[in-house]
Each structure stands twice: as structure tokens, then as C-alpha cells.
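Novice: Sequence:
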Amino acid sequence: MTNAQRVNRGPSAAAENRAALIAAARAVFATAGYDAPLSAVARRAGVGQGSLYRHFPNRMTLALAVFEDNITAMETLAAKPASTLEDLLALLTDQAIASTAFIDMISPSSLEADLARIDARMTIVLASKLDQARQSGVIRPDVGTDELRLAISMIASLLAKTPAPSRRPTATRAWLLLRRALT
Numbered sequence: 001m002t003n004a005q006r007v008n009r010g011p012s013a014a015a016e017n018r019a020a021l022i023a024a025a026r027a028v029f030a031t032a033g034y035d036a037p038l039s040a041v042a043r044r045a046g047v048g049q050g051s052l053y054r055h056f057p058n059r060m061t062l063a064l065a066v067f068e069d070n071i072t073a074m075e076t077l078a079a080k081p082a083s084t085l086e087d088l089l090a091l092l093t094d095q096a097i098a099s100t101a102f103i104d105m106i107s108p109s110s111l112e113a114d115l116a117r118i119d120a121r122m123t124i125v126l127a128s129k130l131d132q133a134r135q136s137g138v139i140r141p142d143v144g145t146d147e148l149r150l151a152i153s154m155i156a157s158l159l160a161k162t163p164a165p166s167r168r169p170t171a172t173r174a175w176l177l178l179r180r181a182l183t
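Numbering-wise (my numbering), the sequence shown opens with residue 1 and increments by one.
Keep in mind the hints are simulated off the structure, nothing from the lab.
Be careful, since some hints might not be right.
[As the list claims (entries may be wrong)] Simulated DEER-style distance windows between Cβ atoms: (1) Ser136 - Arg43: 45 to 51 Å; (2) Ala113 - Gly33: 24 to 30 Å; (3) Pro169 - Ala79: 29 to 35 Å; (4) Arg117 - Glu86: 23 to 29 Å; (5) Arg117 - Arg179: 39 to 45 Å; (6) Gln49 - Ala82: 41 to 47 Å.
Glycine residues also receive a C-beta, built at the ideal position from the N, C-alpha and C atoms.
Generate coordinates for the entire structure from the input sequences, incorporating the hints supplied.
Specialist: Quick look at the structure:
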């Protein structure tokens with residue numbers, strides 16, 4: 001039995017390789033932590049380390065790409081007229097559960113320009129559904145994006161310290177408590 005050689009498709013595979021690297025980073029960091037070897041990310045994506053470093057020169061740029069992907073998913077959801085703040089918070093919670101390895105690196109003291117831009121996009125997405133939630137009585141009228149972001153941060157920090165099998169039920173209980181304060 002022979003091993004099949006992977007054919008180098010050159011620049012035509014760049015977008016596909018980038019997407020595979022981001023997906024692989026999300027999976028590897030979620031299971032092995034943020035300090036997992038980048039070679040594991042390249043291997044899982046099915047690309048060489050050279051390809052990884054062409055797209056992402058360091059660990060932080062790779063992590064930022066994962067965050068960028070998460071924010072894009074939130075923006076896509078928020079653009080749907082039928083989506084609600086509850087839908088956004090559910091997606092954010094799912095992302096936090098999957099990305100607990102990244103939680104410690106997103107403290108305000110570690111914000112870099114790119115992370116600050118992603119952070120601002122998240123605020124805009126939350127604000128886009130907040131008025132609707134206030135008007136429908138889902139959220140108290142005096143709750144703003146700062147309070148929502150604080151609640152999200154609290155849940156993300158809690159999940160980062162929670163063993164993987166307990167993250168979903170812990171997030172559910174934490175949101176139940178926080179919703180009492182927000183509604």
C-alpha cells in the first residue's frame with residue numbers, strides 16, 4: 001500500500017487552506033488549549049507549516065482570525081430580520097463554549113488594534129438587536145451594550161474555568177441568573 005502524495009495546488013488553494021487553518025485552530029485550541037503546538041493546527045488542516053505561517057505569521061494572528069470568523073457569523077445572524085438578541089446570545093455562548101482556550105487572551109489589557117476592531121464589531125452587532133429586545137420587554141430599558149458585554153464576559157470567564165463536559169449546563173444556569181438581572 002502506498003501513501004498518496006498531497007498535490008500542491010499553489011495559490012489557487014489559498015482561500016481553502018486559510019479556511020481549513022481557521023477551523024483547525026478552533027478545534028485544536030478548544031481541545032489542547034491556546035498553547036497547543038501550531039504544527040498540530042497545520043496537520044489537522046491538512047497543510048504544511050509553511051502554509052500556516054504564510055497565512056498566519058504568529059499565534060495571535062491565527063487566534064484573531066478565529067475571532068474574526070466568530071464575529072462574521074454573528075453579523076450574518078444579526079442581518080437576518082427574524083433574528084433576535086436571544087439568538088445572538090445563544091450563538092455567542094456556543095462560541096464561548098467552543099473557544100474557551102481564547103478567553104484569557106481577550107482581557108481589556110491585552111487588546112491590540114485588530115482585537116479592538118473585532119471587539120467594536122461585536123458591540124455593533126449586539127446594539128443592532130438591543131433596541132428590539134428592549135421594545136419587546138425581553139431586556140430592561142436601562143440595559144445597554146456595556147451591561148450585555150459584562151454579562152457575556154462573566155459567562156466566558158466562568159466557562160474558561162469549567163471542565164468541558166459541564167460547560168453547556170453551566171452556561172445555561174449562568175444565563176438564567178443573569179437574565180433575571182437583565183429583564
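Novice: Quick one: which hint numbers does this structure break? Sort them smallest to largest.
Specialist: 5
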